[in-house]
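Asker: The lines below spell out each chain.
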Amino acid sequence: AQRVTQPEKLLSVFKGAPVELKCNYSYSGSPELFWYVQYSRQRLQLLLRHISRESIKGFTADLNKGETSFHLKKPFAQEEDSAMYYCALSSNTGKLIFGQGTTLQVKP
Amino acid sequence: GAGVSQSPSNKVTEKGKDVELRCDPISGHTALYWYRQSLGQGLEFLIYFQGNSAPDKSGLPSDRFSAERTGGSVSTLTIQRTQQEDSAVYLCASSLGGLAGVGNFGPGTRLTVT
Numbered sequence: 001a002q003r004v005t006q007p008e009k010l011l012s013v014f015k016g017a018p019v020e021l022k023c024n025y026s027y028s029g030s031p032e033l034f035w036y037v038q039y040s041r042q043r044l045q046l047l048l049r050h051i052s053r054e055s056i057k058g059f060t061a062d063l064n065k066g067e068t069s070f071h072l073k074k075p076f077a078q079e080e081d082s083a084m085y086y087c088a089l090s091s092n093t094g095k096l097i098f099g100q101g102t103t104l105q106v107k108p
Numbered sequence: 109g110a111g112v113s114q115s116p117s118n119k120v121t122e123k124g125k126d127v128e129l130r131c132d133p134i135s136g137h138t139a140l141y142w143y144r145q146s147l148g149q150g151l152e153f154l155i156y157f158q159g160n161s162a163p164d165k166s167g168l169p170s171d172r173f174s175a176e177r178t179g180g181s182v183s184t185l186t187i188q189r190t191q192q193e194d195s196a197v198y199l200c201a202s203s204l205g206g207l208a209g210v211g212n213f214g215p216g217t218r219l220t221v222t
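So the sequences go chain by chain: A and B. Numbers 1 to 108, taken from the working numbering, label the letters of the first sequence in order. Numbers 109 to 222, taken from the working numbering, label the letters of the second sequence in order.
Hints in this document: simulated from the structure, not taken from any laboratory. Hints may be right or wrong, so weigh each one.
As the list claims (entries may be wrong) - Calculated Cβ distances over 10 angstroms to all of chain A for the following chain B residues: (1) Gln-158; (2) Gly-159; (3) Ser-170.
Claimed, not checked - Facing chain A, a subset of chain B residues (Cβ under 8 angstroms, in silico): (4) Tyr-141; (5) Leu-147; (6) Gly-150; (7) Phe-153; (8) Ala-162; (9) Asp-164; (10) Phe-173; (11) Gly-179; (12) Gly-180; (13) Leu-199; (14) Ser-203; (15) Phe-213; (16) Gly-214; (17) Pro-215.
This structure is a prediction, so every number in the text was calculated from the model and none was measured. Every residue, glycine too, gets a C-beta built ideally from N, C-alpha and C.
Can you build the whole structure from these sequences, using the hints too?
Answerer: As structure tokens, this is what we get:
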């Protein structure tokens, strides 16, 4: 079965601290994985995708097929990073299977 | 250019009534998706359109839910005989093709069934 698990509902850190949002997946085949972010009162937006191997707003995520993980990391959190983060897996039709989401709260 | 738009932004309806939610995708985007975002269930896939066809309707929760797309553009999601558990934010997204991943979500329609 295709599934995405984000074990933390809430992650609270202080500004300047490192952040790691966990994501594990279950998928038979070669997955395409994404992180989405939803800031307060804004629409859901794509943060990054694993095939691009890019860094957006200081965030990176590495696909670990052995551990079936795609954790999102940032070395120094900023207050403006406070948002809801969703990990998602794409099927071959582009349909997305989302994790339950993690609220990141960055305290001053 | 304009992004994905949805209307209405908010809809309050009485239990048992029918509602129609509209999605205007980005021009030229052939793939269109509906999702539902609710507190208990997170973000759930409902239906996928490629052009006017819906090859994947696996996420529609019951036969009260239906959707159509016309002219390869606008899509409407219809919920008949609404129930309180239908209360959620309904999101629409579009993309150039099914394999491209989806980066274009609409603002959503917040449906409240009283």
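Asker: Which of the listed hints are broken here?
Answerer: Per hint list: 1, 5, 8, 10, 11, 12 violated.
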